[in-house]
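Enquirer: Those protein sequences? They're chains A and B, same order as listed. Here my numbering is used: the first residue of the first sequence is 51, the next is one more, and so on. Here my numbering is used: the first residue of the second sequence is 51, the next is one more, and so on.
Think of the hints as simulated: they come from the structure by calculation, not from any bench. As the structure is a prediction and not an experimental result, all values here were calculated from the model. Check before you lean on any hint, since a few could be wrong.
A pair counts as met if it fits within one copy or between any two copies, since identical chains are not told apart.
To be verified - Calculated pairs, SDA-like style, for lysine to any residue (alpha carbon to alpha carbon, straight line, at most 20 Å):
#1 303 to 273
#2 178 to 257
#3 303 to 315
#4 135 to 205
#5 178 to 115
Protein chains: 2
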Amino acid sequence: MQIGFIGTGVMGSGMIRNLRKAGFEVNMYNRTRAKAEALEETGARVLDTVKEIAETSDVIMTIVGYPIDVEETYFGADGLLENAKEGTIFIDLTTSSPLLAEKIGESAAKRNMFALDAPVSGGDIGAKNGTLSIMVGGDEAAYEKVQPIFQAIGQNIMLHGPAGSGQHAKMSNQIAVAGTMLSVSEALLYANKTGLDPERARQTVAPGAGGSWTMDNLGPRMLKGDTDPGFFVKHFVKDMRIAQEVAKELNFKTPGLDLALELYEQIESEGLGERGTQVIYEWLLPQQRS
Amino acid sequence: MQIGFIGTGVMGSGMIRNLRKAGFEVNMYNRTRAKAEALEETGARVLDTVKEIAETSDVIMTIVGYPIDVEETYFGADGLLENAKEGTIFIDLTTSSPLLAEKIGESAAKRNMFALDAPVSGGDIGAKNGTLSIMVGGDEAAYEKVQPIFQAIGQNIMLHGPAGSGQHAKMSNQIAVAGTMLSVSEALLYANKTGLDPERARQTVAPGAGGSWTMDNLGPRMLKGDTDPGFFVKHFVKDMRIAQEVAKELNFKTPGLDLALELYEQIESEGLGERGTQVIYEWLLPQQRS
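Based on the provided sequences and hints, a complete structural model is requested.
Expert: Below is the structure:
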């Protein structure tokens, strides 16, 4: 089974290393070729174009930046759908638009190809350690067929329904993250402003009903002033925008998501897009009521 | 050591049972006398007035409904401060105003008494099992002296600073709970509205970065339509109002708290004040964008 892999950023690199460890043949493509070349030591080969990946692969995995990049990679004239072989299985690991995932699924089906949307969570560490959660939408037979691939890169792997369902599950995840991040930062802000030792307050809150992954893992980083990116503000904004669009289209209200997005858009507009999402604590700290 | 206990509601009852199990002498007072009488089987005795409690106790524990009840119990003409013995240690377990706790602390000190504010978290189950988290503010020597009492009713016990600090720590906790509750309900709402199996989505989200105590414990109840109160909407509104007032007074912004409070005030105004806080999921479900 020949795997083509497009997008060798920090997430893709971790996945490729684990695919190679599991013995898969991998050809890579990346817009910035040097990043792909850095992975040649794993035995994966660099190809020059998306088209070459399309023509030489049985399974094609993509993890690129934004929905616009996904669209170009799949639907461009030199893109995947136009040039892949019949029977090809696409796995888009990008967190992207559920509607776009549906569109890719339909276009693939028309060409006797299969498309899975399979966004992940677990960050660069999960990618490196092969412990990603993978939320999958699409054809069940294709999903079963690529199980060995998913198991090489992740642990918590679930099929949620037809094309787009993986993206929807990821959006559900991001909505949970958004409000929790805001509430953790405000809880610690409150502790700080009322003269408590915020780390002691955090330790009191964390084991109980106010506890969360964010309180355990990002709370301490907030209090230490460590804003290094585990997850970029700019990517979080992208994800929340997608979720908000879906909610608008389906006509339901997500007031917490709307608020978190509004705040993170402000944070991004102040030049903090490349900081980790936990920067919101530092950003809230000096805010006064107007 | 003679303990006086005021407020034998569901929380107080659990605490009194555990105090009796630990061998403490307990006199009780409750506005609705029958509720106190139900605890006589434990060996605790019912007294007729707050004043009698004040006159006969070395340590007086209070857990009443709202700050106004705390104020009356402590500052009324027949109340605790006017009638207690010198050296009395007060422990107010009510989640109440930090400023009121400071006021009680000052008034107690003037009379050579000691006041601890010690709100708890862990709900009726924690009260029953003696596993409450206790967030304490006030005099350190008094705190040390009543350690055996705290240990009879709780587990995660921490002194956070001078009078009011226990209430502030509890507010920090409630702020964390508020935004997390909103984000969990919206995440599950999104899963529901986009045609996912929301329980499967919940299982995907729960172990990762979107995970929280609320997602683990209240998420399943949201999806089953179980709105029985673990924690009442009306009490949550009370707590969030106190936290918001503090933030206003100290002039910092808590946009997530403000939003959660606004939504829960609407929920309460629609007659759902006596439902559990997880009712927000059901309440959001039919909401359309206007």
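Enquirer: Compare the structure with each hint and give your call.
Expert: Consistency of the hints with the structure:
Proximity of residue 303 to residue 273 under the C-alpha cut-off of 20 Å is restricted to the inter-copy arrangement: shortest distance 18 Å between copies versus 32 Å within a copy. For a Cα distance limit of 20 Å, the shortest separation of residue 178 from residue 257 across copies, 18 Å, qualifies, whereas the shortest one inside one copy, 28 Å, does not. For a Cα distance limit of 20 Å, the shortest separation of residue 303 from residue 315 qualifies both inside one copy, at 19 Å, and across copies, at 17 Å. When the C-alpha separation of residue 135 and residue 205 is checked against a cutoff of 20 Å, the pair qualifies neither within a copy, at 29 Å, nor between copies, at 63 Å.
For a Cα distance limit of 20 Å, the shortest separation of residue 178 from residue 115 inside one copy, 18 Å, qualifies, whereas the shortest one across copies, 51 Å, does not.
Figure legend: structure checked against the earlier numbered hints; the only hint not met is number 4.
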